[in-house]
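There are 2 protein chains.
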Amino acid sequence: MICNEKMYALGAKRSVIRELFEYGKKRKAEVGEDKVYDFSLGNPSVPPPKEVKEALLRLLDTPNETALHGYTSAQGDKGVRETIAKNYKEKYGFAFDPDLMYMTCGAAASLAISLNAVIKDEKDEVLTFAPFFPEYRVFTEKAGAKLVAVSPAEGLDIDVEAFAAAINAHTRAVILNSPNNPSGVVYSEEKIKAVAEVLKAASAKYGAPIYLISDEPYRELIFDGKKAPSLPLYYKDVIVCYSYSKALSLPGERIGYIAVSPQATDAEALYLAVCGAGRALGYVCAPSLFQLLVKECDAYTGDINAYKENRDLLYGALTEYGFTCAYPSGAFYLFVQSPTGDASALSEAAKEEDVLVVPSDSFGCAGYVRIAYCVSRDLIERSLPAFRRIAEKFGLRK
Amino acid sequence: MICNEKMYALGAKRSVIRELFEYGKKRKAEVGEDKVYDFSLGNPSVPPPKEVKEALLRLLDTPNETALHGYTSAQGDKGVRETIAKNYKEKYGFAFDPDLMYMTCGAAASLAISLNAVIKDEKDEVLTFAPFFPEYRVFTEKAGAKLVAVSPAEGLDIDVEAFAAAINAHTRAVILNSPNNPSGVVYSEEKIKAVAEVLKAASAKYGAPIYLISDEPYRELIFDGKKAPSLPLYYKDVIVCYSYSKALSLPGERIGYIAVSPQATDAEALYLAVCGAGRALGYVCAPSLFQLLVKECDAYTGDINAYKENRDLLYGALTEYGFTCAYPSGAFYLFVQSPTGDASALSEAAKEEDVLVVPSDSFGCAGYVRIAYCVSRDLIERSLPAFRRIAEKFGLRK
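Order-wise, the sequence lines are chains A and B.
For the first sequence, this note's numbering begins at 133 and goes up steadily by one.
For the second sequence, this note's numbering begins at 133 and goes up steadily by one.
Since the hints were made in silico from the structure, they are not lab data.
Each hint should be verified, as a subset may be incorrect.
One side only, chain A facing chain B, incomplete, derived with CB under 8 Å [stated by the list, open to error]:
#1 Pro176
#2 Lys185
#3 Leu189
#4 Pro419
Not everything, but these chain B residues come out facing chain A in the computed CB check (under 7 Å) [stated by the list, open to error]:
#5 Gly143
#6 Leu188
#7 Leu191
#8 Glu197
#9 His201
#10 Asn248
#11 Ala249
#12 Val270
#13 Gly408
#14 Ala409
#15 Ser420
#16 Ser476
#17 Leu511
Only a predicted model underlies this, so the values are computations on that prediction, with no experimental measurement involved.
Backbone N, C-alpha and C define an ideal beta-carbon position, used for all residues, glycine too.
Chain A on its own, in the form it takes in the complex (with noise of 0.2 Å):
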């Protein structure tokens, strides 16, 4: 091989949405583009809050373009992060220092980066609770390290045995991502406070801060009156993993943000190694323009209830067909069960409807399909009667 082999079969496998992506635009062009029911990719559906056109026009209108596109510093523009600390405070009740916030690149930058300034040793290994996002392995390897896996409980909740059972001496991290990227589900309070307290005992048993980093793009997206909890009220070494992606539906330009808790083990010295990693990864400063965007519009969403609605009608839908689905209060997805136990037995019987899924092996968890569900309203209005057809096709419907 020529070049790197790793970075190779990373750049060979496309991922199995991808696959089923292209699979789809191929589809569409033979049977047209109405007949195919895609719900392989999680691009928000919802447009933009209208808050955001408004503050880019506003911001482009100013006398010195040189400053609006320059190089802000390396962590953000510090009038961004006092902003999103402000915020954070206010509907969160967990006060960040801004001087320990770093603007990202959107999520998946949030987590590589903070991957590679807590991983140290090629021994260490991060946890995760599946189902999880599939890049998780990704990041964590290329940081070094080891990903694995905790199985869900019931309901794809948290096993908190299961997860005290997994930690050891090399568990440097853990992933925790509420709401839940493939499954909707959002995690208790009830489970943090467990999870936490799994951690602070291993922190303790093995003499070293366990980080928690908090995976939560879906942060905003959330319904049934629920609310995330704010992880750093109840663990000390936290490191949040923002993005702007879902909440204002901007995932194509690349805005979140890193906020190392306060509280932390040496929070500085942190905080320091997260700027180190940013610089060797080559992240010199997060765009400009989407920062000064994010100081304006941070407290803001998109059509959240779009979601919601979205979500009332498939899950009812599909439960009534006899299909069995943890109840996802939050994101925008749904991870429903393979009648069979396989999950590519239902993905390719939905395929036949040209009804796109995504199976979900790749989830860390075997024997569901994921269905993100950031679609038109009128998609899956007009999706409902293949999903009966493949639900009869399994003898579910009574």
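With the hints as your guide, set chain B onto chain A.
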């Protein structure tokens, strides 16, 4: 240490350039904004061409904001890549393949990704020509290899013999930067041909391609009727790393690209390794709005003539005062010899006159200071008496 020590060290050790910039801010507060002559930062001083704002307003005026700000493919929007390839062919006479191009978050990302794609082994070495941009060492070491600098010939030009002598069986890649940061020197076509010949012979001798990574963010900032030669015309195993930071005065927006030469050995595998490295480092896609902006503005530049006039004024004055400096035909830097041979002697003497220039040690070339003349003409004019006094201090003026 509770975190990764190398990342901590990179975060904790501010670059000399940033130290100086912070000092300048403090000093300006003390003695007044107009009394400090800050030549420390390579931040473009001319505004973006007017077409940038026009195009941004046009792009924002879309009914489909979801698509405007949505994910592009990981490689970047295909239409954007096609436009860049077409313009490059017209201007530089070499045809890139849009399917071997990868949009990035700027030059640092382009370099970090390319190095991670080609470096295979911890014994690998990456060569570069001194003086060089200090982050080359950071990116190379993070990618797992060692950076080796080749000392320059007279006039800060490439020393071809020293270059040939520095290559060995572990040489995986060579980074070439023309116009050069920090010297402003533009390497001649003859030197490029000589470098290519050395690389051809060495690739044949060691039985593996040695990649020529062309870091060319200053490609369009070139004066005196010169033109930067397109490296893929002279050597096949070329990876072009570009950024719009300087040409379009958009350094904070983080937009650039990698182009793998279609003539490179096993070009598709190399390209897939680039895609894999981008993925593993957390780059999902380059910022979408600025990808589309590039499609509209790839052929434009800011007012390069303003830089040329600054160059003429400052180069003329400094050489008249007795300073020695390689002739800079590009970028916006002068690299001035310290009369004592000691970089900090000159930078400290300048500091006493409130002239901020960067000592050269981190650029791998002792005994110089870098003057970034991407500042207003007025600032340069006002700084000249101070430069004259510095020359007198060293006994340079007759």
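Restraint outcome when Leu511 (chain B) is required to lie within 7 Å of chain A by C-beta distance:
14 Å, violated
Lys185 (chain A) was flagged as interface toward chain B. Is the shortest Cβ-Cβ separation under 8 Å?
6 Å, holds
If you take the shortest Cβ to Cβ gap from Gly408 (chain B) to chain A, is it below 7 Å?
3 Å, holds
Would the stated hint for Val270 (chain B) survive a check requiring a Cβ distance to chain A of less than 7 Å?
Since the shortest Cβ distance to chain A is 6 Å, the answer is holds.
Proposed interface contact between His201 (chain B) and chain A, which counts if any beta carbon pair is under 7 Å
Check passed: Cβ of His201 (chain B) comes within 5 Å of chain A, closer than 7 Å.
When the least beta-carbon distance from Gly143 (chain B) to chain A is tested against 7 Å, hint result:
Cβ of Gly143 (chain B) sits 3 Å from chain A, so the hint holds.
Interface hint compliance - Ala249 (chain B) to chain A, C-beta minimum distance less than 7 Å
This hint holds: Ala249 (chain B) lies near chain A, its Cβ roughly 5 Å from the closest one there, short of 7 Å.
Is the hint on Ser476 (chain B) kept, meaning its closest Cβ partner in chain A is under 7 Å away?
Result: violated, 24 Å to nearest chain A Cβ.
Have a go at the Pro419 (chain A) hint: is there a Cβ in chain B nearer than 8 Å to its own Cβ?
Nearest chain B Cβ about 5 Å off; hint holds.
Taking the least C-beta to C-beta distance, is Ala409 (chain B) closer than 7 Å to chain A?
Holds, about 4 Å.
Interface hint check: Ser420 (chain B), Cβ to nearest Cβ on chain A, cutoff 7 Å. Holds or violated?
Nearest chain A Cβ about 3 Å off; hint holds.
Would the hint on Leu188 (chain B) be counted as holding, given a Cβ-Cβ threshold of 7 Å to chain A?
6 Å, holds
This entry does not satisfy hints 7, 16, 17, going by the numbered hints stated previously.
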